[in-house]
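Trainee: Below are the chains, spelled out letter by letter.
Protein chains: 2
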Amino acid sequence: MSTNARGNTLTQSVVTAIGALLSIAGTSIAVSAQNANDLEMPAVPISLKAVGSFFVGGRSVIQTPTETGVYGGGSAVVDQMYVQYMIPASARTSAVVFIHGSALSGKEYETTPDGRMGWYEYFVREGFPTYVVDQVNRGRSGFDQARFNAVRSNDAPPNSQSNLRRPSEEVAWVRFRLGPETGVRFSDSQFPTDAAGQLAKQSVPDLSPSSSSDSANYVALNELAEGLQKTVLVGHSQSGRFPFEAAIRNPRGIEALVAIEPSGCNAAGYTDESIAKLAKFPILIVFGDHLDASQKYGSSWLDYFKDCERFVHRVHAASGEARMLHLPDLNIRGNSHMLMQDRNNQAVADLIIQWIKHH
Amino acid sequence: MSTNARGNTLTQSVVTAIGALLSIAGTSIAVSAQNANDLEMPAVPISLKAVGSFFVGGRSVIQTPTETGVYGGGSAVVDQMYVQYMIPASARTSAVVFIHGSALSGKEYETTPDGRMGWYEYFVREGFPTYVVDQVNRGRSGFDQARFNAVRSNDAPPNSQSNLRRPSEEVAWVRFRLGPETGVRFSDSQFPTDAAGQLAKQSVPDLSPSSSSDSANYVALNELAEGLQKTVLVGHSQSGRFPFEAAIRNPRGIEALVAIEPSGCNAAGYTDESIAKLAKFPILIVFGDHLDASQKYGSSWLDYFKDCERFVHRVHAASGEARMLHLPDLNIRGNSHMLMQDRNNQAVADLIIQWIKHH
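Residue numbers (the working numbering), protein chains in the order written: chain A, 2 to 360; chain B, 2 to 360.
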């Protein structure tokens, strides 16, 4: 398996496909049909009332001087959250906020690894004002570099800096349930496994296991929801429970909670008081297929699934509405952990949209 | 000066302004007129043939194991470049690629700190297929975490990890020429200084002074331009010279080179051979006002400007077309280093677009 070659080949073909888009606009670019197929060209343009980005959260801290002159201390902002948005010309009233998983960025919801439309654009085309964040300490949200620089200058011990986690391509293949073994796909896999090298490029170092990122994310999401006022929060994987945590802390502006393949639902951990708060919201939890296939690398999606089933029971016992959507129960087979990138990602999105419309 | 309070206040008002956008779409949200003014609401929707993102560049490396289990080594991709794009429904033939400056991300070209339209959207509205990158090792392009983790696990000396540079808010104020002293604005400043706290939130740690980022960026930009085929490369500040470097290495797909406030033009450093290669392209260099005001923190934009003037002379001597656009010479006053965020950013963009159309 030549991951590098595979990745580069696809990249070139995606760029060439972009060229194909341009050629439609009037240039004379030769593009092979095979490559152009890698990038979806929507038949209908998308019309936006607004497109852009801003930040929520953030606090000013005094930096440790690590050099003289330009980098000699002073204040910097940390814990801010980058938010990009597209608001369709004919918008529904409820906004959707997408939060990505571990060692990834908001890119996860954009164009898929094999060049198809991601959930970001799809939800906009379905009429939702849609917001995609980079988690605090990830991607365009930046992170606090001070601890790292203090280690570098021998002013702090090496283990005082966060571990920067990023699963290898080999681990991600199994952990994200592309197949039973690295390089081997499930025969019914919905993930575009030929483009796994592009998924690997989406990976960014993750400070979250050893930082205060989680609580800073909740603060930022609360601020975002309060501003938007009618918000469906959608978390995935490591952030699957973020919508719950944000809603427990501050319900204002939040209408509904969606957890896509969360890393568990904290069924035994939540107090009755927290469950009572969550029971006030419609809750949707979505899991794909082959949940028993990833235990080799420590993640047991089957255990997480069972934990979320117990969570659903607790919410029901508190007279709440919580729905477990286990796709194989609807005879939808082969979905990976990356539901928003799977070949049937629009069909899965339709189920979520149907649920949002119903509530 | 309470940077934190200032930043948070603006953030809340920007989010509230987003709420105002939604209210137009049919919801009943109360918004104060004062806050809604913070976010521009374009009168005309924007129609896109395509919107999305992909990666160029990247190579697979074997990671040093820093833990057992999930993070036990394996391969990862480094040196990839994240590229986001919007292609207008009625597109011109030439694509524009925007590259951001030091300690920033592609966000620099999106919505301005005070909520106005950035150059990304403006160029799309002017008909250009427009691409915004995150430099290699920055933002959504991720970075190679292995060196940092090796230090953390005592497998490498502290100074083997890159310094993560990020200028303080105080330094950035002077260095980006918002005013002569931190918190003091030039009386004619075009920068929205009330929103300086939002600019601070755009800051991300910068590995570039001590890594192989630059050459990896050139490789990625070459791949991008080759795919797009008719490309205007636009660099800014630390990346101001990236278009030159990419064009010297591989001219294919590149049509024109634009340097926005570059950190010098390497006038004395380029060989005659390199200048001859550059002389084949139309080149535009843009500088703002108050160039003599930032020497306190090591950056002398006046020196960089003079270096670029010498560069222009060398290109002319090689029969090339290079234009120095020093805005005060056109009686356009008060522009900061962040031309794409200044209050007159659309007027400055119009000058660049006029130049592109002419070539």
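Check the hints yourself; a few may be wrong.
Identical chains share a label here; the pair holds if one copy fits it or two copies do between them.
As the list claims (entries may be wrong) - Straight-line C-alpha distance at most 20 Å; calculated SDA-like pairs for lysine to any residue:
{"#": "1", "residue 1": "K50", "residue 2": "R117"}
{"#": "2", "residue 1": "K50", "residue 2": "G128"}
{"#": "3", "residue 1": "K231", "residue 2": "D156"}
{"#": "4", "residue 1": "K231", "residue 2": "S95"}
{"#": "5", "residue 1": "K231", "residue 2": "A294"}
{"#": "6", "residue 1": "K231", "residue 2": "R148"}
{"#": "7", "residue 1": "K50", "residue 2": "S91"}
{"#": "8", "residue 1": "K231", "residue 2": "L331"}
{"#": "9", "residue 1": "K50", "residue 2": "Y123"}
{"#": "10", "residue 1": "K231", "residue 2": "R311"}
{"#": "11", "residue 1": "K278", "residue 2": "D293"}
{"#": "12", "residue 1": "K231", "residue 2": "T183"}
{"#": "13", "residue 1": "K231", "residue 2": "N267"}
{"#": "14", "residue 1": "K281", "residue 2": "R117"}
{"#": "15", "residue 1": "K231", "residue 2": "S190"}
None of these hints come from the bench; they were simulated from the model.
Trainee: Run every hint past the structure and note whether it holds.
Mentor: Now the hints, each set against the structure:
1. K50 with R117: between (23 Å within a copy, 14 Å between copies)
2. K50 with G128: Intra 11 Å, inter 17 Å, cutoff 20 Å: intra and inter.
3. K231 with D156: Cα proximity of K231 and D156: none, with 47 Å in one copy and 50 Å across.
4. K231 with S95: For K231 and S95, the Cα distance is within 20 Å only inside one copy (5 Å; across copies 40 Å).
5. K231 with A294: Answer is neither: 37 Å inside a copy and 46 Å across each miss the 20 Å cutoff.
6. K231 with R148: Close neither inside one copy (38 Å) nor across copies (43 Å); limit 20 Å.
7. K50 with S91: Answer is both: 8 Å inside a copy and 17 Å across each meet the 20 Å cutoff.
8. K231 with L331: Neither: 29 Å inside a chain and 47 Å across chains, both beyond 20 Å.
9. K50 with Y123: both (16 Å within a copy, 14 Å between copies)
10. K231 with R311: neither (28 Å within a copy, 56 Å between copies)
11. K278 with D293: neither (31 Å within a copy, 58 Å between copies)
12. K231 with T183: Close neither inside one copy (42 Å) nor across copies (39 Å); limit 20 Å.
13. K231 with N267: neither (26 Å within a copy, 52 Å between copies)
14. K281 with R117: Intra 36 Å, inter 37 Å, cutoff 20 Å: neither.
15. K231 with S190: This pair counts as neither: shortest intra-copy Cα distance 35 Å, inter-copy 38 Å.
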